[in-house]
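Build out the structure end to end from the sequences listed, making use of the hints.
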Amino acid sequence: MSTAAHSTQDQVKCVVTVTGDTISQADINMKAAKHQNQVHRTSVTPDAPWRIQQIQDAGNFLQLAIKFLQGNGASNSFRTSSEVLNVLGQLIKLLQKGRSSLLIPRKKTIDELMSSRNMKSLTPPLPGDIAVSFYLQAHKLVLAVYHLSNSAGTMKFESVQAECAVPWLSPVLVCFTTALHLAHQLRDKISVFSQFKDFTPDSCSVSTISC
Numbered sequence: 011m012s013t014a015a016h017s018t019q020d021q022v023k024c025v026v027t028v029t030g031d032t033i034s035q036a037d038i039n040m041k042a043a044k045h046q047n048q049v050h051r052t053s054v055t056p057d058a059p060w061r062i063q064q065i066q067d068a069g070n071f072l073q074l075a076i077k078f079l080q081g082n083g084a085s086n087s088f089r090t091s092s093e094v095l096n097v098l099g100q101l102i103k104l105l106q107k108g109r110s111s112l113l114i115p116r117k118k119t120i121d122e123l124m125s126s127r128n129m130k131s132l133t134p135p136l137p138g139d140i141a142v143s144f145y146l147q148a149h150k151l152v153l154a155v156y157h158l159s160n161s162a163g164t165m166k167f168e169s170v171q172a173e174c175a176v177p178w179l180s181p182v183l184v185c186f187t188t189a190l191h192l193a194h195q196l197r198d199k200i201s202v203f204s205q206f207k208d209f210t211p212d213s214c215s216v217s218t219i220s221c
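Under the working numbering, the residues of the sequence shown are numbered 11 to 221, in order.
Bear in mind the hints are in silico, worked out from the structure with no lab data behind them. Being a predicted model, the structure only gives us computed values, none of them experimental. Mixed in with the good hints, there may be bad ones.
As a list, the in silico PhoX-like pairs of lysine-lysine whose alpha-carbon atoms are at most 20 Å apart [what the hints assert, rightly or not]:
1) K23 - K150
2) K118 - K107
3) K150 - K118
4) K166 - K117
Per label pair, the in silico range of CB-to-CB distance [claimed, not checked]:
5) R127 - T27: 17 to 23 Å
6) V202 - I114: 29 to 35 Å
7) S180 - V49: 29 to 35 Å
8) P115 - G30: 14 to 20 Å
9) Q171 - P56: 33 to 39 Å
Every residue, glycine too, gets a C-beta built ideally from N, C-alpha and C.
Rendered as structure tokens:
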């Protein structure tokens, strides 16, 4: 899927192709704050794609949740409500981590950005005082450009961003949210009915939907 991103001041323009958990191709044009009359151009090529760690993390947590359910599925016999609540608690944690991976990007230092494998794969390389970063915020892909400067021995930076929507991320987030809602619903239902002496886990059910 190809999409275009522009900053509000048109200091950054980018056309990206997102394939699964990678940016397989991107053409980036930028004007650094210090060099407004100079346009820097660089690109991501299919030979050295930009890995989007957040998508990888979300997929990994989802796989862990699926494997966890397979190991604690319908073939298991639960004797007490506390056993079921423990399984649901672990499932909810995995789903929350997967969803949060897409919603909240991990903060990185400038040093981490400059030394990242992704930065080193840009063609041609950017000047040493410019760093770029791609990250997700919900269904949006954000390109952040940082221009570094040294003032009285202190490293400072100015940044500008451009963003675009990644359409297939919206239904992914809806599925995560729906799964969390159902897990919370079942946990709350079991918590309430477990107060009755004649309650058994097998007697509790919850409606499901396809996603």
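Hints, verified against the model:
1. K23 - K150: Holds. K23 to K150 sits at ~15 Å (cutoff 20 Å).
2. K118 - K107: Answer holds: K118 to K107 is near 18 Å, not above 20 Å.
3. K150 - K118: Within the cut-off at roughly 18 Å; holds.
4. K166 - K117: holds, 16 Å
5. R127 - T27: 17 to 23 Å: holds, 19 Å
6. V202 - I114: 29 to 35 Å: Given about 32 Å between the Cβ atoms, the range holds.
7. S180 - V49: 29 to 35 Å: holds, 33 Å
8. P115 - G30: 14 to 20 Å: holds, 18 Å
9. Q171 - P56: 33 to 39 Å: Given range 33 to 39 Å: violated, Cβ gap about 25 Å.
Checked against the numbered hints given earlier, this structure breaks only hint 9.
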